[in-house]
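A.B. asks: Protein chains in written order, with the working numbering: chain X, 1 to 304; chain Y, 1001 to 1283.
Just so you know, the hints here were simulated from the structure itself, not pulled from any lab data. Computed from a prediction, not measured in an experiment: that's the story for all the values here. Backbone N, C-alpha and C define an ideal beta-carbon position, used for all residues, glycine too. Be careful, since some hints might not be right.
What the hints assert, rightly or not - Distance condition first, Cα-Cα at most 25 Å in a straight line; then the derived PhoX-like pairs of lysine-lysine:
| # | chain 1 | residue 1 | chain 2 | residue 2 |
| --- | --- | --- | --- | --- |
| 1 | Y | 1143 | X | 51 |
| 2 | X | 105 | Y | 1241 |
| 3 | Y | 1111 | X | 8 |
| 4 | X | 8 | Y | 1180 |
| 5 | Y | 1241 | X | 142 |
| 6 | Y | 1241 | Y | 1143 |
| 7 | Y | 1110 | X | 8 |
| 8 | Y | 1241 | Y | 1271 |
| 9 | Y | 1271 | X | 105 |
| 10 | Y | 1241 | X | 174 |
| 11 | Y | 1110 | X | 4 |
| 12 | Y | 1143 | Y | 1199 |
Said to hold, decoys possible - Which chain Y residues stay away from chain X? Per the calculated CB distances, all over 10 Å, these:
| # | residue |
| --- | --- |
| 13 | 1052 |
| 14 | 1059 |
| 15 | 1062 |
| 16 | 1150 |
| 17 | 1151 |
| 18 | 1182 |
| 19 | 1200 |
| 20 | 1218 |
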Amino acid sequence: MHKKPLSKQIYDARWCYLFVLPCSILTGMFVIYPIGMSWYFSLLDWSGFTKEAKFIGLQNYYEAVNDEFFWDAFIRSFIFMFGTVPVKIVLGFIIAVFLNNQVLKLAPFFRTVIFMPVVTAIAIIGIVMTFVFSPFNGPANKFLMSTNLTSAPIDFLGNPDTVLPTVMGVYVWKWLGITMMYWLAALQTVPQDVYDAAKIDGAEGYRLWIHIILPIVLPFAIVIILVEAVGALNVFPLIETMTAGGPFFSSEVMEIYIFRTAFVTDSGTMPRLGYACAAGVFWGVAVLFITVLQGLWMRRTRRI
Amino acid sequence: MSKYLNFIAEKNQVKYLIITIAFIIFSFFWIYPLLWVLSASFKTDFEIWGGLGLIPDRLVWENFERAWFGANMGRYFFNTLIITVVSVIIVVVTTGMFGYVIGRYSFPGKKILIGILIGTIFIPQGYTIIPVFDLLNNLNISKNLIGLTLATAGHTPVIYILLFAGYFSRVPVELEEAAKMDGAGFVRTFISIMLPLTKPVVATVSILQVLHAWNDFLLPVVITLGNPDIRTLSVGVYAFKGEYFVDWSGMAAASVITILPIIILFLFMQKYFVEGVQGAVKG
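With the rest of the complex left out, here is chain X (with noise of 0.2 Å):
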């Protein structure tokens, strides 16, 4: 059979173009677009809620490289990143790990309630957090308290020292129930009949471990790994919501940061699209660039 000329083969699937153009004219007005444009505002001076926009180049990057907050906030993503996920992926697959057992009658209701602050709306999550570790007689400190733990009320929030690690505690009880489900399914991979030998105590069933159920959901790791890596470095709503980005910027991540360079106008100085906007094309293009050394990286390991 000899192929048929373009035309004609575009004209075949003429339904299909049709099936995809809904999706596709989506896609293209609310990520494609907003894409191109925000290089493109990046190059203006502008506040965004004016007409007037004057083209200055690069200066907003520049000015942006050279922002001592700006490169806080990019660290402090990547602290937050390094902090969280390792914990996540861990603790995951500990707890899959036991609520894998068939035996374990109640093992569904524990994956429930380790799910349930996956489904609450992570802006509540935020607000009800602040009242958890509120200083003033929240649930926290009165626990601390009540168990003699410490003395006098930790203000959790409220500290630049322990606002972070704070902050990072509650994403990982936000998410966790995520990764958990990925290491549940990861462990569905694997044989029953090495469940069935792993089963020996001792010695022998730990060697079991390392050598095949490990090397099997390996490659599940390292997709979890980077799924769970791009999650960390979104975390706006939290942070907006529990903090602001405060104490003293102590926990303003990226995200923050562009949000309170384009819309929040403090004393009294303009918002700034444009500025926001290349602070904003040069996170994201850090971003791509991680996700593609974790990408070609895990491609090297697969192939193994």
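With chain X held as given, fit chain Y onto it using these hints.
C.D. replies: Coordinates of chain Y only, in the frame set by chain X:
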């Protein structure tokens, strides 16, 4: 077939009991913040800060009245409901059609299309929010629910398309050929033969989109900056915190109004939540 590692032997009662009790204690602490806000929504302000107990002295339903009417949560509830329902319909129809074509046909440009889609997977929402805001302004739909709904549906996770494409590609070809013999065209084959077969995927995608649309924060908070009337529940509670800072119990009630519908939905349709979440790593 599910596979299990039963390293807790049924005979070993002690080990079994220890693990169960440990998990019960762990679960209680895990869920405590949610139980706490639920109980706070029925308490008086004074009682909220009084102790760690979860059982209110009496049920203060007035908290809900204040939140629903006074803080406008009633209105925000229906805003959120409309955005969620309409965006679910849009998303299921558009990604279903897209996934069908991608999963079953090959046509010029298909690879490019898939490439572009994959490329958008890791674009953070924060990266696109400013131009989206500007776009809605220019189209004059930033001040009503239309713009917010479209933008919510537009930031479609690629995973939905992949779920549909994967499912459609596994449907046997014979079914399609039989439909063609009966004289059914492209569209009729899709609607009467294919769509009914994908009910599980439709359910999974719907659930995931409900979760996304209902709980979304960044997009609605930006779009509704100057328009309190079209706020969603999440944004409403956030604004509540700014406006009525001292009304703790009212805020707890507003929070419960926001989170309870999804938690109930989750409890009844857990299977689809799990399938949707796990689809992300299985693919």
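A.B. asks: The structure should be examined with respect to each hint, and the outcome stated for every one.
C.D. replies: Hint check:
no. : hint            : result
1   : 1143/Y - 51/X   : holds (18 Å)
2   : 105/X - 1241/Y  : violated (41 Å)
3   : 1111/Y - 8/X    : holds (18 Å)
4   : 8/X - 1180/Y    : holds (20 Å)
5   : 1241/Y - 142/X  : holds (22 Å)
6   : 1241/Y - 1143/Y : holds (23 Å)
7   : 1110/Y - 8/X    : holds (16 Å)
8   : 1241/Y - 1271/Y : violated (35 Å)
9   : 1271/Y - 105/X  : holds (18 Å)
10  : 1241/Y - 174/X  : holds (21 Å)
11  : 1110/Y - 4/X    : holds (16 Å)
12  : 1143/Y - 1199/Y : violated (35 Å)
13  : 1052            : violated (6 Å)
14  : 1059            : holds (20 Å)
15  : 1062            : holds (19 Å)
16  : 1150            : violated (7 Å)
17  : 1151            : violated (6 Å)
18  : 1182            : holds (17 Å)
19  : 1200            : holds (16 Å)
20  : 1218            : violated (5 Å)
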